[in-house]
Amino acid sequence: MDVQEVKYCIDRVKGGDKEAFAELVNAYKDMVYTVCLRMLNSEADAEEAGQDVFVKAYRSIGSFQAKAKFSTWLYRIAYNHCISVIRKKVKLIDLVDDIPEGEVDEGELNGLESISAEERSKYLKMAIESLAETDAVVVTLFYYDELSLEEIAAVTGLSNSNIRIKLHRSRKKMYQVICENLKSEVSSIL
Amino acid sequence: MKRDPHISKLIKESGTVQAPGSFTAAVMDKIEAIPVKKPYKPLIGRGGRILIILFIAAVVVLSIIYADPNGELFGSNIRMPTMDRQLPQLNINLEFLKQVDISTGVVSALVAMFILVLSDAGLNRRRRLT
Chain Y
0 MDVQEVKYCI DRVKGGDKEA FAELVNAYKD MVYTVCLRML NSEADAEEAG
50 QDVFVKAYRS IGSFQAKAKF STWLYRIAYN HCISVIRKKV KLIDLVDDIP
100 EGEVDEGELN GLESISAEER SKYLKMAIES LAETDAVVVT LFYYDELSLE
150 EIAAVTGLSN SNIRIKLHRS RKKMYQVICE NLKSEVSSIL
Chain L
0 MKRDPHISKL IKESGTVQAP GSFTAAVMDK IEAIPVKKPY KPLIGRGGRI
50 LIILFIAAVV VLSIIYADPN GELFGSNIRM PTMDRQLPQL NINLEFLKQV
100 DISTGVVSAL VAMFILVLSD AGLNRRRRLT
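Those protein sequence lines, which keep their order, are chains Y and L.
Start counting the first sequence at 0; every next residue gets the next number (numbering that gives the first Met the number 0).
Start counting the second sequence at 0; every next residue gets the next number (numbering that gives the first Met the number 0).
Among the hints, a few may not be true.
Restraint ranges, calculated between C-beta atoms of paired labels, are given here [what the hints assert, rightly or not]:
(1) R45(L) to A26(Y): 36 to 46 Å
(2) V110(L) to A67(Y): 37 to 47 Å
(3) K1(L) to N25(Y): 31 to 41 Å
(4) E179(Y) to D28(L): 56 to 66 Å
(5) K87(Y) to S107(L): 48 to 58 Å
(6) G121(L) to M125(Y): 54 to 64 Å
Which chain L residues stay away from chain Y? Per the calculated CB distances, all over 10 Å, these [what the hints assert, rightly or not]:
(7) M0
(8) K40
(9) L42
(10) I63
(11) S102
(12) V106
(13) A108
(14) L109
(15) V110
(16) I114
(17) L117
If you're looking for bench data, these hints aren't it; they were derived computationally from the structure.
Note that beta-carbon positions come from the ideal geometry of N, C-alpha and C, so glycine has one too.
Construct the complete structure from the given sequences, taking the supplied hints into account.
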């Protein structure tokens with residue numbers, strides 16, 4: 000859905016057209032669900048949270064200003080909602096301190112080319128699951144949705160430098176997890 | 000900040016996690032369940048408000064024109080601003096108005112009605128904007 004289509008849909012929703020909102024849900028449900036899943040680490044929780052995010056968005060779409068990107072606005076709702084869900088569960092864990100400081104050899108990742116896409120996806124999932132909730136979201140927004148640091152800052156409320164640190168540490172952590180899994184895969188084959 | 004090509008490729012390749020099939024329907028069900036707010040309907044319509052404002056404005060203007068030179072409104076104890084009596088007099092015979100006994104209560108009621116009309120109009124405008 001391009002920017003014009005999104006704007007057209009939003010205008011229709013503001014005019015009371017619920018079907019137009021269903022189109023927006025269809026366009027963004029996977030990304031919102033992914034953000035929720037990254038933060039909550041539970042499919043059931045992510046599904047419920049994702050639905051609540053869209054209901055919140057529907058209720059407050061009247062306040063949406065076209066100056067911002069709709070996706071950024073929606074992700075901010077998702078991020079804040081998940082943070083409140085996590086706080087309710089008293090489960091906010093910051094794994095940043097657990098991340099080893101040692102560098103990882105990027106060359107070791109060349110082994111990824113020799114395995115199937117399915118396997119690579121499995122390793123990626125494991126790597127992302129090893130990250131703290133907020134870090135996983137930052138990585139997803141930066142690498143998948145290709146949001147800029149400023150846009151991620153708008154979604155998460157974190158400073159640009161904090162996001163840089165999170166991305167750097169997340170990258171190292173992900174490399175480490177993927178490399179460990181690749182090594183064990185190779186040793187099991189041998 | 001540069002994107003790491005390995006991580007970027009991996010994440011792009013894996014894509015997003017697919018939301019469950021019933022996701023959109025579940026969201027729309029929740030939205031349907033939201034109680035519909037009754038649209039605010041002003042007590043007095045647009046035409047009515049204009050008429051009331053015109054009426055009040057006319058009363059104020061006539062009061063100023065027909066106030067006594069010493070500022071008494073129709074012989075009441077309400078002090079009105081006085082005007083220069085050199086202004087051209089209207090040919091309409093409004094002498095009967097001088098017989099009308101406008102008490103402080105009536106003027107207070109008119110002012111209250113004026114404020115009510117303005118606040119009603121303001122509230123209506125605010126609700127339309129949100």
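Structure-based check of each hint:
no. : hint                           : result
1   : R45(L) to A26(Y): 36 to 46 Å   : holds (40 Å)
2   : V110(L) to A67(Y): 37 to 47 Å  : holds (45 Å)
3   : K1(L) to N25(Y): 31 to 41 Å    : holds (33 Å)
4   : E179(Y) to D28(L): 56 to 66 Å  : violated (44 Å)
5   : K87(Y) to S107(L): 48 to 58 Å  : holds (54 Å)
6   : G121(L) to M125(Y): 54 to 64 Å : holds (59 Å)
7   : M0                             : violated (6 Å)
8   : K40                            : holds (17 Å)
9   : L42                            : holds (24 Å)
10  : I63                            : holds (45 Å)
11  : S102                           : holds (47 Å)
12  : V106                           : holds (41 Å)
13  : A108                           : holds (38 Å)
14  : L109                           : holds (37 Å)
15  : V110                           : holds (35 Å)
16  : I114                           : holds (29 Å)
17  : L117                           : holds (25 Å)
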